[in-house]
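One letter stands for each residue in the lines below.
2 protein chains.
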Amino acid sequence: MEPAPRRGRPGYDQESLLAVAVKVFNERGYEATSMEELSRKLGITKSAIYHHVSSKEELLRLAMDRALDGLFAVADEAHGMDGRAIDRLEHLVRGSVGVLIDRLPFVTLLLRARGNTKIERAAVARRKEFDRLVTDLVKQAEAEGDVRPDVDPAVTARLLFGMVNSLIEWYKPRSGASIADAVCTIAFDGLRTR
Amino acid sequence: MEPAPRRGRPGYDQESLLAVAVKVFNERGYEATSMEELSRKLGITKSAIYHHVSSKEELLRLAMDRALDGLFAVADEAHGMDGRAIDRLEHLVRGSVGVLIDRLPFVTLLLRARGNTKIERAAVARRKEFDRLVTDLVKQAEAEGDVRPDVDPAVTARLLFGMVNSLIEWYKPRSGASIADAVCTIAFDGLRTR
Numbered sequence: 231m232e233p234a235p236r237r238g239r240p241g242y243d244q245e246s247l248l249a250v251a252v253k254v255f256n257e258r259g260y261e262a263t264s265m266e267e268l269s270r271k272l273g274i275t276k277s278a279i280y281h282h283v284s285s286k287e288e289l290l291r292l293a294m295d296r297a298l299d300g301l302f303a304v305a306d307e308a309h310g311m312d313g314r315a316i317d318r319l320e321h322l323v324r325g326s327v328g329v330l331i332d333r334l335p336f337v338t339l340l341l342r343a344r345g346n347t348k349i350e351r352a353a354v355a356r357r358k359e360f361d362r363l364v365t366d367l368v369k370q371a372e373a374e375g376d377v378r379p380d381v382d383p384a385v386t387a388r389l390l391f392g393m394v395n396s397l398i399e400w401y402k403p404r405s406g407a408s409i410a411d412a413v414c415t416i417a418f419d420g421l422r423t424r
Numbered sequence: 231m232e233p234a235p236r237r238g239r240p241g242y243d244q245e246s247l248l249a250v251a252v253k254v255f256n257e258r259g260y261e262a263t264s265m266e267e268l269s270r271k272l273g274i275t276k277s278a279i280y281h282h283v284s285s286k287e288e289l290l291r292l293a294m295d296r297a298l299d300g301l302f303a304v305a306d307e308a309h310g311m312d313g314r315a316i317d318r319l320e321h322l323v324r325g326s327v328g329v330l331i332d333r334l335p336f337v338t339l340l341l342r343a344r345g346n347t348k349i350e351r352a353a354v355a356r357r358k359e360f361d362r363l364v365t366d367l368v369k370q371a372e373a374e375g376d377v378r379p380d381v382d383p384a385v386t387a388r389l390l391f392g393m394v395n396s397l398i399e400w401y402k403p404r405s406g407a408s409i410a411d412a413v414c415t416i417a418f419d420g421l422r423t424r
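Chains C and E supply the protein sequences, listed in that same order.
When we follow this note's numbering, the leftmost residue of the first sequence carries the number 231, and every step to the right adds one.
When we follow this note's numbering, the leftmost residue of the second sequence carries the number 231, and every step to the right adds one.
Pulled out of the complex, with its shape left as it was, chain C reads as follows (with noise of 0.2 Å):
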């Protein structure tokens, strides 16, 4: 998604203004921040804030989106490969990684969604089609006889994601290692030696 173009008003566009927010509602809470709380630790009036979004729920709106369509472009992506499951499985997992690392606040946001607003009903909505194309893509590699027949695709589906999702808890930039490539080796081959 392409940021919004500046608009005449001096020190935030709709893009800055978004990145300071999520960061806000990340720390304080979503429900808990009001729209003068965040022209505050903006340093800007109520209505400079309504000259980039209409209301503080189109900042929830345009957060959630940016997490999502992320997600759903990776899983698209995976979608048209050709070739074997288990591979469309690993580039979801690899390409969900980088997603969560370019855009851990919105994605941080979207996690702890519990679904107390219309919009973050409609981003639960999104995220349980997430977790169908992750289940199917697990059943399909079963079928397919690369994933092992005694995994329940549901639950591995879910702890998948678990493993990747946590990062938003503990994940701090940092050169060297792969963080991707952890999570497709214990995922796919195992912590064991053989």
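Any given hint might turn out to be false.
Any copy, or any two copies together, can satisfy a pair, since identical chains are not distinguished.
[Stated by the list, open to error] In silico SDA-like pairs for lysine to any residue, Cα to Cα no more than 20 Å straight-line:
1. Lys-402 <-> Ala-384
2. Lys-358 <-> Pro-403
3. Lys-369 <-> Trp-400
4. Lys-402 <-> Asp-382
5. Lys-369 <-> Ala-412
Since the hints were derived computationally from the structure, they do not count as laboratory data.
All values derive from a computational prediction rather than experimental measurement.
Given the coordinates of chain C, assemble chain E onto it according to the supplied hints.
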């Protein structure tokens, strides 16, 4: 931990009062919940609550301890086992899944704690100590040649408990499938058939 004995008030003892409080904290957030509101939910007066606990903070501390004591009891069991580190690690992972399932609302509250209060900070510190125990076991198992050497022990510990802790988001009691088996199968042996 033994539940506290009833102390003469009808309706609630400390144990059942704590169960309701933790449910409300998980639904509405600890900070957003007042003792006023708890007393309405419980259908008893505030002074009846204070018959059982000294403060809202005490309820939080009791809840956090319920989760953490369970996890550390399993860590102690693992520590006391003879044999190889990988078996102690597997025992710790299986036991932790058991604690999460048995004490789900308590662990949910623990895992959502962000360190906003003194009690939350103490709980976060104990969680870090637990993470270190897991990391040390992964290191030992690597040194004994049972865990593949190409994974970082701290990252592995985080990802293992990323899987385990994700249960608070999706676990629903059901007969049959053992979640502990699923976690250990994926983590130790991997999804891929061989």
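Problem - Hint numbers contradicted by this structure - result: none
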